[in-house]
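**Q** The lines below spell out each chain.
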Amino acid sequence: MSARSSTRRLTRRRFVAGTSAAAVAVAGFPAILRAQGGPIKIGLLHPVTGPISFSGLQCRAGAELAVEAVNAAGGIKSLGGRKLEAVLGDAESKPDVGVAQVEKMNEAGVAAIVGPFASGIALATTQAAAKHGIAHVVDVGVVDQIVERGLANTFRFGPGLKSIVDTALSNLVKINDGAGKPAKTVMLVHEDSAFGSGMAKTLNERLPALGFQVLETIPHATPTRDFTNIALKIKAANPDLVIPSNYNNEYILLARTMRQQGVRPKAIYSILGGGANLKFIKESPDDAAYIIDCNHWFDNRNAEAKALRQKTEAKGLFITYEVMLAHECVRLVADAIERAKSTDRAAIVKALAESTWAGHFMPYGPTKFVNGQNQGARPVNLQVLDKDFKVVFPPDVAEAKPVFPMPRT
Amino acid sequence: MSQLPIVVPSVLNGLTTGAIYALVALGLTLIYGVLHIINFAHGSLLMLAMFGVFFLHKLAGLDPYLALLVVPPACFVAGYALQRGVIARASHGKDHNILLVTLGIAIAIENVAIYFWRSDTRTLDLSYAFDTVNLGVALVALPRVVAFAGALVVAGGLWLFMARTDLGRAIRAVAKERQGARVVGIDVEHVFAMSFAIGTACVGVAACLLMPTFYVTPQVGHSFVLIAFTVVVLGGMGSFPGALAGGLIIGVTESLCGLFLGESLGQIGIFAIFIAILLLRPSGLLGHRA
Amino acid sequence: MRTLAGIALFGLVMLPLPALLASQVWLNFLVMTLFFALLGIAWNVVGGYGGQFSFGHAAFFGTGAYCAAVLQAQLGLAAWLGFALAPVAGGAVAGVVGFLSFRYGLRGSYFALVTLAFAEVLRILANSAGFTGGGSGLLIKLAPGAANLQFADRSGFYYLVLALVIAGLLLSLWIERSRFGSYLVAVRENEDAARALGVDAFAIKLRAIVLSGAIAGVAGAVYAQMFLYVDPGLAFGPTMSVEALLVPIVGGMGTVFGPVLGSLALHLLSEAGRSVLGQAPGLNLALYGVLLVIMVLFLPDGLVGLLRRVRRRFLRGRADA
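Protein chains in written order, with the numbering used here: chain G, 1 to 409; chain R, 1 to 290; chain F, 1 to 321.
Chain G extracted, bound-state conformation:
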């Protein structure tokens, strides 16, 4: 009941803030009082409607859980236990709407912004936030240019695309070598927009030098309604490895169709595989079995990670990397505010830049930002084992050994 009434109040307040800055003081509390003791506003900007809304909603859920967690732990202690308050924004999967939301958040007086999942939106929102000097922590968007444009307010906690691919490939070589090099030939299946084609290009450049022969590269559209052709092509070329880079729906259709057509490579090794998630594993365990995915993931053994998984599942959601990253980005901001001892935007940006936060559950080590990019950030290898996602590589965080090549059944 109380949760509901607080959302409603938030709605109304946001409406007022949007209508006119002056009216806020009239309708809400006296402005001065709010500045001193009221909650600290954090903008949570995600695409919760439109084509990428699944990921956006997952991000929002994670970020909201983090706000609850910070508040439950006593808020920002250096500011007398002031609580965090989420200012929600929907980017509607469009950059222009994302920018409009940043402007709203600015006038709602947010101390920092966490979001917006997609790279295309992040390029626009980081720039808009920079104009107002608002710290913008990018939770997922992996395109490298996001942190290469000299924007002092922009930070990315997770790894960028180049570092993900580097890690994924070096892990692949190590896993393959460890099993006696069973895999020599590769087929790439990628979706043809920014993420998939960028990935395929890099892989085509890099794999031959690592001793893998790329038999064929197959791009496909999003959405693709039918994967039978692709499965047949894979069957005909018979590669040792299939590396898919695509979003949720296509990933699932591909895996299902491959099984339907009796295609069994030695391994399916995806990099940021969109569909490699627990929902797919639970709904179609046989299609997902033994898939290896190199992706963002927390340290499964960490107590707080386990707690987050429980809390997420208690809300009827599956735990995904979006939940984890958005959750930790909010806590990263909370840590920065704690050290800044202020809600001043410049002070928060400075605190983020100097951040050495080690309290998170990602396998990154303490944060260290260079040009806004967290240097320790890295993906891990997960494998679908026993109907669950197990971290199998690198060894320092692994809870199981990789099953490679996958057993022929």
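Hints are not guaranteed to be accurate.
[As the list claims (entries may be wrong)] Just a few of them, taken from the derived set where beta-carbon distance is under 8 Å, the chain G residues facing chain F:
| # | residue |
| --- | --- |
| 1 | G196 |
| 2 | S197 |
| 3 | A289 |
[What the hints assert, rightly or not] Derived CB-CB ranges, DEER-like:
| # | chain 1 | residue 1 | chain 2 | residue 2 | range |
| --- | --- | --- | --- | --- | --- |
| 4 | F | A147 | G | V370 | 27 to 35 Å |
| 5 | R | W159 | F | A129 | 42 to 50 Å |
| 6 | G | G150 | R | L261 | 36 to 44 Å |
| 7 | G | G150 | F | A147 | 13 to 21 Å |
| 8 | F | T239 | R | N134 | 41 to 49 Å |
| 9 | G | K184 | R | L135 | 27 to 35 Å |
| 10 | G | P39 | R | H190 | 52 to 60 Å |
| 11 | R | T132 | G | N204 | 28 to 36 Å |
Treat the hints as calculated values from the structure; they're not laboratory data. All residues carry an ideal CB built from backbone N, CA and C; glycine is no exception.
Position chains R and F against the provided structure of chain G, taking the given hints into account.
**A** Relative to the frame of chain G, chains R and F by itself:
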């Protein structure tokens, strides 16, 4: 080339995919042929029907094929109500208003679906979803064979219905000459609503036949609706045999273009055919020249 | 004369707004409203005055956007050049689409679908070609400064788009007054009759679509400069095609102020949706859809139609008194 040995399976696969396109297009071609409107809401109605099938299975344990007894009739009623209660009333008989109204309905339905069911991808895990029929040259998934047969039956049934029943004759009369039909005493509004209802029921059938192999999300309609328009134009607006043939042709074209040009660029084959047909024979393969 | 005075008044009211508005939110709101008005003005030329319903204005919009992005990001040329060439590119693509579809006599929904298909073809090509950056899209380098057509302050974009919209309004007014315009309207009302009277319907429609494509191309370049990022879905996807036709139809087709009113109404509508139901993902857009239906229910002739009705009633009332 590695492509050649898989041409035959690829054609077969195109035929089964095309049958699904035809099913979605059958409803659209009826609505298009009679009301002469571009129904933006067609895709979102397909999505709603697919969610219906999904939840009937999840909550009531109803098999998607048994849902054929429930979902299409429900779609029929919804379609009738939508046309009579909303579209006809709001459009004031102007084509551009119908367009706005169906667009508004599509936006509303899709986003209500996001609100209630989030954007999760949902699939049904059915025991027979992975059964295949061995045709000697290729393995074809059983649900796809069923869908293929379903499309043939629905197209044939609609064709018979239009040719043999009074309502069918009335629909044809209205499609051809609206004013004339009114003069001879046909209830044009009722015929419009019936056409919309039958068109929506076709979408219900498509949903039941799709769910065993496909996923559903609030956005799933988008991936079919543009193709369905292509099929309608290709076959000739208002022609059921045309929609069936058009669906199969588009399915095979998509499959073969995907094979030889790549799945990404291959999509262009569909639109190239689409543009060529529109320019050179806008009445479609089996349509009558207006 | 009244319309010209109206445009002047519009300019005078809009010009000082950035200085008066304290809120960046509302400034941004106005920039986007004007931007979509510009896109609507483009559609209105061929769709409103010419009666040719295009479902594929994204083809012209996207060409303009890519023209600006490719010239800067791939060839390293100046932003102004890309901006100047965008209408040429947009007009050229429109010319090809128009030539093919009008030559073969496509009308009504057939024309609508063929434009939609052309936009899709361009989207797929942009996705596959190298110089467009493929699916990854193109990123224009962040370099604030008026010389690069990037304005650190949003009011820079405001004045740019405002100037373009006023130019578009004047152009619409010219269409209403010119012989070209009367021919175009004649073709819309009854193509066969117009032809019988000696109007070259093909040439008139072709000119209209080229003009329309050129304006949409400018809108595309503006979008590219504002967000510094273009990808095939943003540029050629159906969203922009739908926005382009929604705005003038809601406002009033074939009227000078229709697109501006339509854009304002639609943006207020979606803002209202967000304010009332902003926290519930989806519900705000659902409300927007419902409001759209209700609006059509009560305003079959668009907002301009409503204003005309109100004015007529007002004038009649005064005459009675």
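**Q** Going through the earlier hints one by one, which of them does the structure break, listed in rising order?
**A** 3
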